[in-house]
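Undergrad: Take our numbering: the final residue in the sequence shown is number 352, and no numbers are missing along the way.
Please keep in mind that the hints were generated in silico from the structure rather than gathered at the bench.
Since the model is a prediction, treat every value here as computed from it, not as a measurement.
Check each hint, because a few of them may be wrong.
Pairwise CB distance ranges, derived in the manner of DEER restraints [as the list claims (entries may be wrong)]:
{"no.": "1", "residue 1": "Q180", "residue 2": "A245", "range": "49 to 55 Å"}
{"no.": "2", "residue 1": "R233", "residue 2": "N316", "range": "18 to 24 Å"}
{"no.": "3", "residue 1": "A272", "residue 2": "Y206", "range": "23 to 29 Å"}
Listed next, the in silico PhoX-like pairs over lysine-lysine satisfying Cα-Cα at most 25 Å (straight line) [as the list claims (entries may be wrong)]:
{"no.": "4", "residue 1": "K218", "residue 2": "K144"}
{"no.": "5", "residue 1": "K311", "residue 2": "K224"}
{"no.": "6", "residue 1": "K224", "residue 2": "K202"}
{"no.": "7", "residue 1": "K288", "residue 2": "K311"}
{"no.": "8", "residue 1": "K144", "residue 2": "K202"}
{"no.": "9", "residue 1": "K288", "residue 2": "K144"}
{"no.": "10", "residue 1": "K226", "residue 2": "K202"}
{"no.": "11", "residue 1": "K215", "residue 2": "K144"}
{"no.": "12", "residue 1": "K202", "residue 2": "K215"}
{"no.": "13", "residue 1": "K144", "residue 2": "K226"}
For glycine and all other residues, C-beta sits at the position ideal for the given N, C-alpha and C.
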Amino acid sequence: MTYRSIRSFLHLSVLALFVALTASCYLPNKFELTMQVAPDGRYAVAYDGTLTQLLFLQRIGSGELQGHAIDEYVGIYENEMRRNSGFKEVTYLGNAEYQVKYEKQGSLAKEKQYSFPTRRGIVLGLRRWTAESAQDYIARFEATGHPALQSLAEAGFANEPHIMELFGDRLPAKMRQDLIANGFWIQGEIRIWTAAKVGYHNANRVVEGNPSLYIWSIDDLNQPSPHMILAWTPPSAD
Numbered sequence: 115m116t117y118r119s120i121r122s123f124l125h126l127s128v129l130a131l132f133v134a135l136t137a138s139c140y141l142p143n144k145f146e147l148t149m150q151v152a153p154d155g156r157y158a159v160a161y162d163g164t165l166t167q168l169l170f171l172q173r174i175g176s177g178e179l180q181g182h183a184i185d186e187y188v189g190i191y192e193n194e195m196r197r198n199s200g201f202k203e204v205t206y207l208g209n210a211e212y213q214v215k216y217e218k219q220g221s222l223a224k225e226k227q228y229s230f231p232t233r234r235g236i237v238l239g240l241r242r243w244t245a246e247s248a249q250d251y252i253a254r255f256e257a258t259g260h261p262a263l264q265s266l267a268e269a270g271f272a273n274e275p276h277i278m279e280l281f282g283d284r285l286p287a288k289m290r291q292d293l294i295a296n297g298f299w300i301q302g303e304i305r306i307w308t309a310a311k312v313g314y315h316n317a318n319r320v321v322e323g324n325p326s327l328y329i330w331s332i333d334d335l336n337q338p339s340p341h342m343i344l345a346w347t348p349p350s351a352d
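Sequences are here, hints too, so could you generate the full structure?
TA: This is how it looks when you write it as structure tokens:
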């Protein structure tokens, strides 16, 4: 995003901005994100690319932050990221944008949900369904006519006792339109390797194997967020 378009960010509506910020605080720009998901819920994530802090961007564009005040907030948001041990490198590029390298491993057997980069704004998340949440998700799919319903039925997921879901947040339409109009672009690729049984996905391309590779090529803010529903085999208690 150029300096001129940063200044144009001032013209975003305040309402759209704050609605968007509840969905996403950091937005990727140019990136590669890879994730390995084992059938038992273990995962490993790596991200190499840029993240733009949207509230910081708006405050620069509106003129609220200038000079030394900008320098102060550069450190504030850098420290916010570094409090997460997954961030291995954080470098400020200007205009609220940071170059980062991130690596994280974990297991859904120990946590219900993983979120990158934060729970407030999820570029990529992984969660396990509970009996209660599964009813809510299915009801939401039914209400919206989500294509996952048919895919899950065809894959026999009605008989799967445990399910995990890979997902991402999506900015509200007004926010996406304003960002695009003011020169914000996105270019990246998300790659997911898994040997787990997949009941639904919206990947652009799949390379079958053991594990299989699911690829999303991202070049438009209006593209649907990555989405997969997989069978989860919890590790035994032995």
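Undergrad: K144 and K202 were given as a pair; does the straight-line alpha-carbon distance stay at or below 25 Å?
TA: Satisfied, since the Cα-Cα distance of roughly 18 Å is no more than 25 Å.
Undergrad: With 49 to 55 Å as the target window, see if Q180 and A245 comply at their CB atoms.
TA: 53 Å, holds
Undergrad: With the threshold set at 25 Å, check whether the alpha-carbon distance from K144 to K226 stays at or below it.
TA: Distance of about 29 Å is beyond 25 Å: violated.
Undergrad: K224 and K202 were given as a pair; does the straight-line alpha-carbon distance stay at or below 25 Å?
TA: Measuring from Cα to Cα gives roughly 23 Å; hence the hint holds.
Undergrad: Does the alpha-carbon distance linking K311 and K224 stay inside the 25 Å limit?
TA: 21 Å, holds
Undergrad: How does the Cβ-Cβ distance of R233 and N316 compare with 18 to 24 Å: does it lie in that range?
TA: 22 Å, holds
Undergrad: Decide if the proposed pair is consistent with the structure: K226 and K202, CA atoms, cutoff 25 Å inclusive.
TA: Roughly 24 Å between the alpha carbons, so the hint for K226 and K202 holds.
Undergrad: Compare the distance between the alpha carbons of K218 and K144 with 25 Å, and conclude whether the hinted pair is satisfied.
TA: This hinted pair holds, its Cα atoms lying about 20 Å apart.
Undergrad: Between the alpha carbons of K202 and K215, is the straight-line distance 25 Å or under?
TA: Status holds; Cα separation ~6 Å.
Undergrad: Quick check: does the Cβ-Cβ distance between A272 and Y206 fall within 23 to 29 Å?
TA: At 49 Å between Cβs, range violated.
Undergrad: K215 and K144 were given as a pair; does the straight-line alpha-carbon distance stay at or below 25 Å?
TA: 12 Å, holds
Undergrad: Does K144 lie within 25 Å of K288 when you go C-alpha to C-alpha?
TA: Holds, at roughly 22 Å.
The structure shown violates the earlier hints numbered 3, 7 and 13.
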